[in-house]
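K.L.:
Residue strings, one per chain:
There are 2 protein chains.
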Amino acid sequence: MTTMVLPIGLADVERAAARLRGVANRTPVVTSRSVDRRVGVGTRVFFKCENLQRGGAFKFRGAYNRLAALTPDERARGVVAFSSGNHAQGVALAARELGVPATIVMPTDAPASKVAATRAYGAEIVTYDRLTEDREAIARAVATERGLVLVPPYDHPLIMAGQGTAALELLEEVGPLDLLLAPLGGGGLLSGCATAARGLAPDIRLIGVETELSNDWEQSLRVGERVRISPPPTIADGMRTQQPGELTFPVVQALVEAVLTVSEDEVKEAVRWLLLRMKLLVEPTGAVPVALLLSGRLGDLTDRRVGVILSGGNVDPDVLCEILA
Amino acid sequence: MTTMVLPIGLADVERAAARLRGVANRTPVVTSRSVDRRVGVGTRVFFKCENLQRGGAFKFRGAYNRLAALTPDERARGVVAFSSGNHAQGVALAARELGVPATIVMPTDAPASKVAATRAYGAEIVTYDRLTEDREAIARAVATERGLVLVPPYDHPLIMAGQGTAALELLEEVGPLDLLLAPLGGGGLLSGCATAARGLAPDIRLIGVETELSNDWEQSLRVGERVRISPPPTIADGMRTQQPGELTFPVVQALVEAVLTVSEDEVKEAVRWLLLRMKLLVEPTGAVPVALLLSGRLGDLTDRRVGVILSGGNVDPDVLCEILA
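Chains as they are written, first to last, in this note's numbering: chain D, 1 to 325; chain B, 326 to 650.
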């Protein structure tokens, strides 16, 4: 029998929570009787609203936790990250908060609103051509050239531990849960949340959710190693990663019961439903676990207490109106 | 010197709160550092999210408070209300909760989604032609014919007291406020909230907000009596009432510092901003006080603590996408 040492434990998440106190939003937990009724008899669903987190997504948690651990020298030189989405805003915001210069590598065709938001947080933007250039290589080149610390989107113990504080807060606030659902892109959120939840509640069921088109996790867990897929054309843009993370994979493998999938139409229906019924703007990636919950494929949830991480709310108005049409 | 006896006092709101405990949602209070920064130096803004109330608006509070006071006979016979909007859903939901039959008089051209939602709560729908028939007369006829109690949308002490529980909860949760903003249609919400807030905090500034097109309150307060305007073509459909209420008017007159107005464009911008920046779906009527807050016309809010009632979140997807376009 071998014992695997996982890259993070509950204590890491607790340390992250202490760092984030008063800095990250302690996001509200929302419940709805009509959701509960729709999902099962006596079921209670608790939505952790990371769409109401600073920067509009959970990403600020991990970014701040990483940046807070920089040495004074590293802080003075600054950080670099590559992302066209929530990670960019999370890093830019955390950097501003800590007085650290931030450079974000974004594709030339990134939505103007995301570029503007990232710049508004004070970050310098370096653009690249998505079709001909490799963003990771560019970010590494910028890092080496300028002596910057590269902040990866998920594959770092401090990032993972930071994201786990979302589950820590949820469990602190609502008490024991039977089941926790979270979306999966690179796996930072789920690995952190699974670590926190399992640490606090050894019997909790943990389920990750991705789209059918972006099922790199499902495939990887099936064969027991990280499978690489072609760029998935899913509406859930936080799930367009092509492969599970190196550090996040073993954590999910060890702690999570299953990774399940939903269709693109189910995701859109969940976004609509969250917006029009629950009055919450949740981006497609964040709506993925809700899509599974509403599908009925989780089986009998009678009298179960279910937690769901709504991971973010950054969605362009034109994408939103396409979904609503 | 004459002393005016107002139709409700703080004790009425407190009694309503006791009735609503465990029945109405204790809606979350949301804050945002970027809002605070935009509004003033050291300003703190507290949004009371009645868009997350049952039925999607504050209306459930007043309706339930009224229906809970019915005699056993009245409960058995049932209630009738006229509304094409949030009051319909509030009454239907409160009636279902209390096992009271409900009839709702709605125009033939009411949005299908609102008719469906009201019917889904178990209410019987009676339709009328908005252009040729008088809904109030029809509701009164139905009431007399069937022996039903008519539940008015705002002009009733129990309705007003019920709506006031929103401000009561807000002040209980966040502590003292310097200023409270609420939207004004018939005045049920503002009169109740003003009563609660003034009762708890004698020095709080209370400001009502309506649109320039639906400025019956502004006009009425100026001349000191209820002015009737033509049907106002405002996007804020909760403000399409033509005249202040008979009971709500003296309360607002006595307790509220001013009723201020915003333009249609300012309302749309506030809806967009609440949705895209705060991730909250708030209907145009609910966004009206936020439009004023963002306009800068409230003057210097340095170090002030400001409460805002986000009254509801029921908006049709096509209206929403028009606003977002």
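The set of hints was computed from the structure by calculation and includes no laboratory data. Since this is a predicted model, take the numbers as computed values, not measurements. For each residue, glycine too, the CB sits at the ideal point set by N, CA and C. You may find that some hints are simply not true.
A short, non-exhaustive set of chain D residues, derived as facing chain B with CB atoms under 8 angstroms [as the list claims (entries may be wrong)]:
| id | residue |
| --- | --- |
| 1 | Arg33 |
| 2 | Leu52 |
| 3 | Leu70 |
| 4 | Pro72 |
| 5 | Arg75 |
| 6 | Lys279 |
| 7 | Leu280 |
| 8 | Leu301 |
| 9 | Thr302 |
| 10 | Gly313 |
| 11 | Pro317 |
| 12 | Val319 |
| 13 | Leu320 |
| 14 | Cys321 |
| 15 | Leu324 |
Below are the DMTMM-like pairs computed for lysine to aspartate or glutamate, each with C-alpha atoms no more than 25 angstroms apart in a straight line [stated by the list, open to error]:
| id | chain 1 | residue 1 | chain 2 | residue 2 |
| --- | --- | --- | --- | --- |
| 16 | D | Lys268 | B | Asp643 |
| 17 | D | Lys268 | B | Glu647 |
| 18 | D | Lys114 | B | Asp454 |
| 19 | D | Lys114 | B | Glu647 |
| 20 | B | Lys593 | B | Glu571 |
| 21 | D | Lys268 | D | Asp318 |
K.L.:
Give a verdict on every hint.
P.N.:
Right, here's what the structure says about each hint:
no., hint, verdict
1, Arg33, "holds, 7 angstroms"
2, Leu52, "holds, 6 angstroms"
3, Leu70, "violated, 22 angstroms"
4, Pro72, "violated, 26 angstroms"
5, Arg75, "violated, 22 angstroms"
6, Lys279, "holds, 4 angstroms"
7, Leu280, "holds, 6 angstroms"
8, Leu301, "violated, 21 angstroms"
9, Thr302, "violated, 22 angstroms"
10, Gly313, "holds, 4 angstroms"
11, Pro317, "holds, 4 angstroms"
12, Val319, "violated, 11 angstroms"
13, Leu320, "holds, 7 angstroms"
14, Cys321, "holds, 4 angstroms"
15, Leu324, "holds, 4 angstroms"
16, D:Lys268 / B:Asp643, "holds, 16 angstroms"
17, D:Lys268 / B:Glu647, "holds, 19 angstroms"
18, D:Lys114 / B:Asp454, "violated, 47 angstroms"
19, D:Lys114 / B:Glu647, "holds, 22 angstroms"
20, B:Lys593 / B:Glu571, "violated, 30 angstroms"
21, D:Lys268 / D:Asp318, "holds, 14 angstroms"
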